[in-house]
Amino acid sequence: MQKETIIPESKDIAFRDLIIKTPGGKNIPTCMQCGVCAGSCPVSHEMDYTPRQIVRMIQLGLKKEVLNSNTIWICTTCFSCSVRCPRGIYPTELMETLKPIAMKEGIKNRNTKFDKIFADVVKKNGRASEFLLISKYSISEPGMIKQVPFGLELMSKGKLPLSIDKMDDLRELDSIFGLGEKTGIQEKTQSKEKPPEIKENDSDSQEAEK
Amino acid sequence: MAEIEKPQVNETSAKTEPAPKKIGVYLCRCGGNISDVVDLQSVAESLKGENVIVNIQDYLCSSAGQDKIKSDIEKGKIDRVVIGSCSPKLHLETFRGMVKKAGANPTLLEITNIREQASWVHDKEGKESVNSKVKGLIKGAVARMGSIEPLVPLEKKLVNRTLVVGGGIAGITTALEIADGHEVILIEKQPYIGGHMIGLSKTFPTMDCSQCILTPKMVAVHNHPGITMHTQTEVAQVKGSPGDYSITLKHSPRYVDIKKCISCGACTRKCPAGAIFLPFAQAVPQAYIIDMSKCSGCGACVKICPRDAVNLDAKEETSTISVGAVAIATGFEPIDPSFIEEYNYPAPNLLTAVEFEDMLSAKSKTGMRLQKADGSFPERVAFVLCAGSRDFTGKGRKHCSKVCCIYSQKQAQLVKKMKAEAQAWIFYIDMRSAGRRFEEFYHHTQEKGVNYVRGKVAEIIPKQDGTLMVQYEDTNLGRKGREIFDMVVLCPALIPSAGTKELADKLGVPLGDDGFIEEKHVKLDPVNTLNQAVFAAGCVLGPKDIHDSVTEGMSAAHKVSQFLGKGMILIPPEKPMILECNGCGDCVKACPYNALSLSGGKAVLSPLACTGCGICVPACPIKGIEIRNFTRSQLKAQLKAMLEDAPGVVVFIDPYAYAAADIAGVNRKQYSSLVRFISLPSIHVLDADVVNAAFEYGATGVMLIEGTTDEKLNSRSDDLYKKLKKETRKHKKPLRYSHIETAQYEKLTDLLNVFASQAGAKAEKRSRKEKGEETPEEKE
Ligand SMILES: Cc1cc2nc3c(=O)[nH]c(=O)nc-3n(C[C@H](O)[C@H](O)[C@H](O)COP(=O)(O)OP(=O)(O)OC[C@H]3O[C@@H](n4cnc5c(N)ncnc54)[C@H](O)[C@@H]3O)c2cc1C
Ligand code: SF4
Ligand code: SF4
Ligand code: SF4
Chain A
1 MQKETIIPES KDIAFRDLII KTPGGKNIPT CMQCGVCAGS CPVSHEMDYT PRQIVRMIQL
61 GLKKEVLNSN TIWICTTCFS CSVRCPRGIY PTELMETLKP IAMKEGIKNR NTKFDKIFAD
121 VVKKNGRASE FLLISKYSIS EPGMIKQVPF GLELMSKGKL PLSIDKMDDL RELDSIFGLG
181 EKTGIQEKTQ SKEKPPEIKE NDSDSQEAEK
Chain B
1 MAEIEKPQVN ETSAKTEPAP KKIGVYLCRC GGNISDVVDL QSVAESLKGE NVIVNIQDYL
61 CSSAGQDKIK SDIEKGKIDR VVIGSCSPKL HLETFRGMVK KAGANPTLLE ITNIREQASW
121 VHDKEGKESV NSKVKGLIKG AVARMGSIEP LVPLEKKLVN RTLVVGGGIA GITTALEIAD
181 GHEVILIEKQ PYIGGHMIGL SKTFPTMDCS QCILTPKMVA VHNHPGITMH TQTEVAQVKG
241 SPGDYSITLK HSPRYVDIKK CISCGACTRK CPAGAIFLPF AQAVPQAYII DMSKCSGCGA
301 CVKICPRDAV NLDAKEETST ISVGAVAIAT GFEPIDPSFI EEYNYPAPNL LTAVEFEDML
361 SAKSKTGMRL QKADGSFPER VAFVLCAGSR DFTGKGRKHC SKVCCIYSQK QAQLVKKMKA
421 EAQAWIFYID MRSAGRRFEE FYHHTQEKGV NYVRGKVAEI IPKQDGTLMV QYEDTNLGRK
481 GREIFDMVVL CPALIPSAGT KELADKLGVP LGDDGFIEEK HVKLDPVNTL NQAVFAAGCV
541 LGPKDIHDSV TEGMSAAHKV SQFLGKGMIL IPPEKPMILE CNGCGDCVKA CPYNALSLSG
601 GKAVLSPLAC TGCGICVPAC PIKGIEIRNF TRSQLKAQLK AMLEDAPGVV VFIDPYAYAA
661 ADIAGVNRKQ YSSLVRFISL PSIHVLDADV VNAAFEYGAT GVMLIEGTTD EKLNSRSDDL
721 YKKLKKETRK HKKPLRYSHI ETAQYEKLTD LLNVFASQAG AKAEKRSRKE KGEETPEEKE
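Just so you know, the protein sequences line up as chains A and B, in that order. Residue 153 in the numbering used here sits at position 153 of the first sequence, with consecutive numbering throughout. Residue 647 in the numbering used here sits at position 647 of the second sequence, with consecutive numbering throughout.
If you are wondering where the hints come from, they were derived from the structure by calculation, not from laboratory data. Treat each hint with caution, since some may be false.
[To be verified] Computed cross-link-like contacts, DMTMM-like style, restricted to lysine to aspartate or glutamate with a CA-CA straight-line distance of at most 25 Å: (1) B:K765 - B:E128; (2) A:K146 - B:E342; (3) B:K463 - A:E153; (4) A:K159 - B:D465; (5) B:K395 - A:E93; (6) A:K159 - B:E341; (7) B:K250 - B:E316; (8) A:K26 - B:D514.
[As the list claims (entries may be wrong)] Not everything, but these chain A residues come out facing chain B in the computed CB check (under 8 Å): (9) C34; (10) S44; (11) H45; (12) R52; (13) R84; (14) R87; (15) G88; (16) A119; (17) Q147.
Positions of the beta carbon are idealized from the N, C-alpha and C atoms, including for glycine.
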């Protein structure tokens, strides 16, 4: 990936301040780049920027890179980073904060593969099956082959049940999915309304500047 | 001083003078610095009604100015002096020295600051208001001078003996350095001295062997005629006061008489349980010890010992010693890393750096061989830095443990030295190698082929086969990594050793919020504590290396010798006097410095422990305690005279905040001339009596400004403020508390301005309406 030279114009200080003002953003300036978050993250190798790098880019105000990163969509909200960060930063919450901002800016979720498979599994069965999810994802994602021994180990310990749980009546669920597909509910509403917490914080940050 | 007083402050330490008080008021023009703004002539005239003589000089501090006062005293014209001049911080000692030479009591000279607190800070205001302020201040000072008593500083003879607590390198150095001049008692919790250093392998940055440089010092302690050493000993109780402590020591049983044991080892050979042993070959003292958890009580050792040194029935004992000073050198301990769940400590081959050192030290149980749990050499070793340090979440410690960056490199070098093909990895966040020879040491370690990874280890997973998986991000590359190691060494946060707080509490010494002992001044007064008879050295003041521990040991020894060398201490005489007492003990509980106790049903002051903070004054339910020369009636007399002619804002101020006001003066920071300071040893001497009196005499508002950073006082200020507020509410006048440290003079003047105008506005409203219904100002 091509990386631009960071020049004064690259930095969006208002963006940085906005993020720092969100709940959980307070400690971002104290990140010491230790990398415990990224080292703990089960999916950081999939990310174009690790959680640590996202935190760093926010310190600088590199809005464009942050909002266009796949990191915020790949995060599984497992909280591993947040419980281990020695500076009390919550990268998990940060990802949650960044997602609606990216949507507001018209940036789409670039990591649709996993989400699609997940949605498909739920749609078919009415329930998520870890086994189906993993095997389907593995087929579409060559890198996952390395995880096979680990999967087998999990299976041998009964941590990855093979049984596929199914809902009795799928009709109601179908109609919900149908509704969603028809209206494109997510994207439209999100692009019309600004996420409320941002508005609030916006005025906050202005106040603070005054 | 004129007379030497016995240190008994609850009886009178003053000579009350029956003769009428002859007060002289001397005002200084300060070459125009004062007189250009203040009309001193009119101030002098305003004193006509008082029974005083007034004199104005160009420069009071000059020899001509001083001679005038001196000759007035010598001629018997006056015996008490009020000076109106620059800040007392500048010339009080000079003037008092002169008064003493002239034959009067130095405490009967006081200075009213009409330069830093008037001419320099109100010169942009109308002359009238400045004049009126100065008149008020001087009248207040005259009234005060008429009411105070002559006092003599207290003196106390010191016990010429020091207790050093902790036998690590810092304590050893302190003891050896003091012992040539003064007697030392050195106590150590462990059965041997040497502390952590005797458990080290080589020592950075020069890599000399730890026991080689330490053993001679341990032996010197043992042999020094001026040092009495007690191992397995801790402080149980501290009584007495600085300069004269009576300390009870608790000695745990060793079951072997140190004096009799000749280390022949006959007992060890006979013991069927392996319970009797020498801690390690070089241990000082050289004597065996029994681990009672292993001993079966068979008595084989008792029978075999040729010296009759073993006593299986030994019990814990206590003894009491008398010392004048104490040096704390209780060092550090590694934090227990098991709280870091993702590191899975303890596990086979997962050790702390201290355990790693132990293996290669004089205390080694592996014959100084580095080995895994199965006895083989670890081919791949990882060092995990900042395990519990630099953590602001409350789980670990905030501070940097300072030595780990360097000692981990030392340990990595040792691994490479033992086997060149072995791998050593150091996982770090920031490689901190500041200090002489340390960057070179870093460079040298790199040259040795040690692998550095910039990234804090995220997870350590012990595997079935005894290896350990380490997961991390290589932050220089932004890539996650995983490695398998034979041994992983955690570099844990270094924290004050267990029991530091209990010991510090017994000695009346505060700790920082990191748990280490607080120095008297972070920069300018290291190794001194807030207790003048207690000193500290080494890692109990924060993590550091051997060089710095030794340096502090030497400094502490110097400070101890200086303290004891004087033979006695002088203490300010403004202490509480107990006038009436029903024995309720409230003051005893309130005193933060343990200076009060009950004896024969009455409160008794130990004047050397007392700092004169005055917390006992409002604590006494029957108002039986007063601080000498700051009694309720003395303060009221001053307030009354000060406010008689014109109202003002009364600001009670402690010496630290007073210094801030002085700096504001030097910087000509303007503030309202309604402000009238009353200088107190501490704001805690105040109670509602005095504050109500201020309001009654015409104060439009009252402020308490505190500058001390002594937690023991600060932590009570809020309660004092709330109580005063409640008890002075009836006046419906503003009362405010603020904490201003010496450097914050701008904050001080801003605050004074805001408060003075608020108080003024309120007073105006009140006079317009008959009744004011507003509630007083909120605390800042
Ligand atoms: C793994 C590791 C490696 C290190 N390597 C080096 C190195 O190579 N070079 C270097 O310069 N520095 C090194 N250091 C630092 C060095 O160990 C310290 O600077 C030094 O030991 C500090 O000495 P101290 O006397 O202050 O504390 P300590 O060594 O901790 O001694 C304190 C003593 O007080 C005793 N004690 C504690 N509480 C009480 C009590 N209540 N009553 C009585 N006695 C008590 C303890 O038992 C102990 O003997 C290393 C530190 C560690 C952790
Ligand atoms: S764990 Fe915390 S301090 Fe460390 S890099 Fe991540 S966000 Fe920064
Ligand atoms: S919460 Fe998200 S960023 Fe944090 S470790 Fe889990 S997946 Fe990674
Ligand atoms: S010295 Fe180095 S390893 Fe130790 S806490 Fe400080 S930064 Fe971490």
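Hint numbers the structure violates, sorted upward? 16, 17
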